[in-house]
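Protein chains: 2
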Amino acid sequence: MNLAVLLQTNHHNANQDAEIQKRKKQRAKVCLSEETDTQSREKMNIPVLFSVLLVISTVQAFQYTELAQYVDSHEEDYVEALRDWVAIESDSSNVLKRPDLHRMMEVTALKLRLMGGAVELVDIGEQELPNGQTLALPKVVTAQFGNDSTKHTVCVYGHVDVQPAKLEDGWATEPYNLTDIRGNLYGRGASDNKAPVLAWIHAVEAYQALNMELPVNVKFVIEGMEETGSNGLDAMIVAQRDTFLSDVDYIIISDCGWLSRRPALTYGTRGNCYFYAEVGGPKQDLHSGVYGGAVIEPMTDLIGILDTLISPSGNILIPGIREAVAPLTDEEWKMYQDIQFDMDNYKNKIGVDQLMYSNKVDLLAHLWRYPTVTIHGIEGAFSDPGTKTVIPAKVTAKFSIRQVPNMEPAMVKKQVTDYLHSVFAKRKSPNKLKVTMVIGAKPWLVDTQHPLYEAGRAAVKRVFDMDPDLIREGGTIPIAKTFQDVTGKSIIMMPIGGFDDGLHSQNEKMSRYNYIEGTKLFIAYLNEVSKIKRTSV
Amino acid sequence: MNLAVLLQTNHHNANQDAEIQKRKKQRAKVCLSEETDTQSREKMNIPVLFSVLLVISTVQAFQYTELAQYVDSHEEDYVEALRDWVAIESDSSNVLKRPDLHRMMEVTALKLRLMGGAVELVDIGEQELPNGQTLALPKVVTAQFGNDSTKHTVCVYGHVDVQPAKLEDGWATEPYNLTDIRGNLYGRGASDNKAPVLAWIHAVEAYQALNMELPVNVKFVIEGMEETGSNGLDAMIVAQRDTFLSDVDYIIISDCGWLSRRPALTYGTRGNCYFYAEVGGPKQDLHSGVYGGAVIEPMTDLIGILDTLISPSGNILIPGIREAVAPLTDEEWKMYQDIQFDMDNYKNKIGVDQLMYSNKVDLLAHLWRYPTVTIHGIEGAFSDPGTKTVIPAKVTAKFSIRQVPNMEPAMVKKQVTDYLHSVFAKRKSPNKLKVTMVIGAKPWLVDTQHPLYEAGRAAVKRVFDMDPDLIREGGTIPIAKTFQDVTGKSIIMMPIGGFDDGLHSQNEKMSRYNYIEGTKLFIAYLNEVSKIKRTSV
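Chains as they are written, first to last, in UniProt numbering: chain A, 1 to 537; chain B, 1 to 537.
Hints should not be assumed to be uniformly reliable.
Stated by the list, open to error - Derived CB-CB ranges, DEER-like: (1) E174/A x K166/B: 19 to 25 Å; (2) L110/A x S311/B: 20 to 26 Å; (3) L317/A x R261/B: 56 to 62 Å; (4) L317/A x N359/B: 33 to 39 Å; (5) Y513/B x K283/A: 53 to 59 Å; (6) A239/A x P99/B: 54 to 60 Å; (7) H421/B x E76/A: 21 to 27 Å; (8) K166/B x R182/A: 49 to 55 Å; (9) R241/A x K166/B: 45 to 51 Å; (10) L317/A x Q449/B: 55 to 61 Å; (11) E174/B x R241/A: 27 to 33 Å.
Calculated from the structure, these hints are not laboratory results.
It should be emphasised that the depicted structure is a prediction, and the values quoted were computed from it without experimental measurement.
Glycine included, every Cβ here is placed at the ideal spot set by N, Cα and C.
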């Protein structure tokens with residue numbers, strides 16, 4: 001440990017850019033000699049170690065400019081790599097697309113293997129479908145680059161599954177055919193989360209291509225069920241805590257976006273409790289003329305109970321939900337107050353005249369640290385264009401609650417289920433209600449003063465020449481909380497997605513700018529992390 | 001006119017079955033001689049007319065047994081004809097299926113033309129879509145068999161368009177591949193309305209095949225927009241009132257079903273006011289994590305206003321709707337009371353434990369002569385399997401009101417639109433509500449003592465050896481009211497569909513029994529109608 005600290009303090013100071021420029025040519029030569037050094041290092045004995053380390057510490061002086069140039073010169077390769085990945089319809093919510101999802105995991109594993117990583121495709125078992133059937137979960141890809149115990153080890157988490165997308169949903173381009181329009185790369189999963197995962201891979205690849213040693217050991221955990229709640233991953237993390245994850249110091253997640261054009265670091269996310277409320281009655285759909293008036297219609301019942309979830313002014317009506325929420329502190333209020341956030345710009349982006357709250361602090365607070373209810377849609381009713389005169393026999397509403405500290409998913413499940421059954425009972429309907437919580441992803445929150453975040457600030461400063469916003473995320477990265485609880489390691493969320501990338505909606509995109517500069521950010525961040533003192537872990 | 005009456009009173013009495021049997025062989029010979037008579041008739045001059053008519057009147061003695069045998073021996077041909085028609089996906093509500101619908105009209109026209117009918121494909125113009133685009137309406141097929149001014153002329157109305165259907169909706173078999181399971185022919189449109197239309201065509205064909213003169217002139221009006229409100233047909237009927245329809249005495253519609261296993265005659269239908277309620281907000285779908293809490297969600301607004309349409313106990317909450325309904329008379333009450341109707345059987349068929357009303361009269365009254373509201377579904381929200389975490393940007397509810405005498409569609413449109421806008425206004429939402437009535441089909445009601453219904457009773461008696469139920473129909477045959485208002489002619493609804501045919505729902509079917517015996521019923525009915533005295537028209 002002490003040796004490692006010594007090594008790191010000998011590292012070149014990342015901010016001494018002038019010095020870097022001066023030593024440029026010298027380094028190119030050293031790099032060549034380093035190759036030999038690296039190859040022979042395993043055979044070294046202890047007496048020669050110290051002097052060699054001093055040499056390496058000089059060799060490893062961070063060559064950001066070369067790395068950044070390398071990235072710039074490979075932009076088209078990176079875009080093509082993203083095109084190949086977007087073309088795979090790895091929709092984890094649609095069981096019919098499961099073969100594509102399996103293929104996506106294999107493609108990811110292959111890419112990492114070709115880079116010389118130690119790669120595994122970890123079987124995480126099966127998924128139980130609502131109808132009782134089981135389906136193989138996509139394997140989780142783990143990979144390792146570097147195994148130097150004197151270095152820090154980071155574990156990059158990402159996912160390569162995507163939300164559903166169809167051209168008919170209103171996409172301007174084919175969602176699975178990456179389309180470049182004025183520097184924006186449109187495609188499902190482009191920003192969430194395929195480009196960020198590729199950017200991390202390319203960051204490692206850039207070091208390799210320039211024969212530069214990685215400043216830290218880099219591990220990957222890439223999953224394929226994030227969009228539906230990371231089914232199976234929790235158990236895998238628990239199972240690998242003392243093996244694959246045992247030497248991991250820090251966990252990095254880049255599965256979110258900036259708040260504006262300014263880069264951001266994310267220090268919290270909301271959770272997601274996703275519910276199915278199914279109301280079933282007749283044994284099959286009925287003609288609404290022939291049977292209308294005789295039958296107590298499941299759709300009417302479902303609409304009736306859905307209407308009791310949230311008030312027009314955004315108050316959640318389910319007893320106990322809002323009461324559980326941690327109160328807003330003065331510090332938080334001040335922090336939100338200080339954040340650069342243009343309400344008009346935000347409204348324009350969404351295309352609305354009025355938001356639920358008219359001041360910045362209320363709005364940000366309700367995006368980040370208060371829960372909300374969204375009704376996503378109804379399965380089983382008539383949803384196509386045209387005029388079908390049907391009484392649907394069984395209808396299933398999909399709605400979710402973005403929950404926050406200190407709401408517990410298990411408690412939310414009980415509160416929602418009990419409440420819906422109680423309002424349903426008042427209808428005295430003979431139909432059957434079934435409430436299921438199909439996702440119960442926890443919220444996550446960390447201290448922004450942690451060295452991981454200091455390192456993040458430094459990396460953003462180097463690449464973008466500005467300070468990052470410190471933000472929370474309204475969305476959910478289900479696994480963050482699990483990583484934290486199981487490994488006890490610190491986590492940073494370092495987004496590279498744009499604020500207007502349209503995650504989960506039509507015309508999702510990743511800009512070339514964010515993709516390429518994001519790759520550079522990751523390159524710079526690996527260097528910054530290597531400078532964190534062990535004592536502060 | 002007097003000559004015609006004389007001719008008809010000379011007709012064989014349909015009930016004298018023994019007499020028919022006795023004359024069987026004799027008739028077979030007369031048929032052969034009739035052929036020659038028919039061919040030479042056009043060249044006859046007035047002096048010889050009377051004696052020839054006497055010969056014809058004997059020739060035309062109704063040969064039901066031969067016709068019924070002909071039908072029985074052609075059952076498989078009829079099933080194949082239905083298979084061909086069901087295979088055409090003539091879904092009038094889906095604009096993408098419009099080419100199939102056009103083909104369906106052409107196939108229908110061709111079939112009638114090959115039988116020697118005077119057939120036209122009448123252009124009825126274009127349809128305006130909600131987005132402002134226009135689309136050619138399917139042509140209406142008119143056909144004429146026989147042009148004998150001494151005979152009555154009936155006009156059979158039917159439609160060959162169908163409701164939407166997909167295997168994924170829960171069909172046990174491919175909906176457009178007619179599948180015979182234990183004598184039931186499963187397929188979309190089998191019962192509604194392709195088999196009944198074919199049965200009418202086959203009825204005419206049977207007379208032709210046996211060289212029997214049709215007892216009445218038979219015209220057809222076959223449309224392709226019934227399932228979406230018979231767009232364009234009203235105008236066509238008005239336009240052809242003094243031409244194609246001018247010599248029509250009676251209109252026959254077979255676009256409904258029996259109430260039980262007993263054949264039925266239908267004397268009323270409900271109307272259908274079909275609405276779209278569209279709520280739009282953000283310019284595109286949004287990630288529910290990223291934006292949930294900030295945005296006033298269109299789906300929440302839509303659920304909120306839909307929940308104000310109808311109470312859990314079936315009361316329509318839209319002011320003015322129920323007040324307009326004609327009060328239940330004592331006669332009606334008694335009539336309903338006398339109808340054979342097995343509540344338990346009905347519940348079993350639907351698969352529910354409890355209906356909206358627990359006694360027969362209330363139930364039938366609310367199926368036939370009281371309005372109801374059905375919410376069919378929501379377009380634009382997430383309706384697929386899986387868990388998409390989306391805030392839909394624009395959602396359109398589809399709901400319909402089955403209206404009854406004395407509700408006027410124009411008034412219903414105003415009542416619904418005003419009401420929804422008023423409840424929406426109370427939400428103070430910045431989203432935009434747009435209410436459109438896309439179908440406004442009127443209800444229809446006639447006197448069951450009319451000779452057309454007497455003839456119907458006689459035909460049912462002959463074919464099924466029982467009296468028919470006299471029923472109303474909860475569904476809508478939009479054009480009945482228009483035919484009545486424009487032509488001033490009497491209408492009968494003579495269903496052959498089974499009570500459990502599953503119209504508009506999964507696994508729609510037509511039984512071979514109803515299809516074949518129904519064809520015989522139509523054959524018998526043409527004969528009964530020919531006996532109606534002119535004075536009672």
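Here's how the hints hold up against the structure:
Between E174/A and K166/B, the C-beta spacing of about 23 Å keeps the proposed range 19 to 25 Å intact. For the pair L110/A and S311/B, the supplied restraint of 20 to 26 Å is violated, since their beta-carbon distance comes to about 60 Å. Under the hint 56 to 62 Å, the C-beta atoms of L317/A and R261/B, about 49 Å apart, miss the expected range. Between L317/A and N359/B the Cβ separation comes to about 37 Å, which falls inside the hinted range of 33 to 39 Å.
In this structure the hint that Y513/B and K283/A lie 53 to 59 Å apart at CB is violated, the actual value being about 23 Å. One distance hint, 54 to 60 Å for the beta-carbon pair A239/A and P99/B, holds here, with the actual separation near 56 Å. Distance hint check for H421/B and E76/A: the Cβ-Cβ separation is about 54 Å, which falls outside the suggested range of 21 to 27 Å. For K166/B and R182/A, the Cβ-Cβ distance of about 38 Å falls outside the hinted range of 49 to 55 Å, so the restraint is violated.
A hinted range of 45 to 51 Å holds for the C-beta pair R241/A and K166/B, which are about 47 Å apart. Between L317/A and Q449/B the C-beta distance comes to about 57 Å, which sits within the given range of 55 to 61 Å. A C-beta distance of roughly 51 Å is found between E174/B and R241/A, which places it outside the suggested range of 27 to 33 Å.
In summary, the numbered hints that this structure violates are 2, 3, 5, 7, 8, 11.
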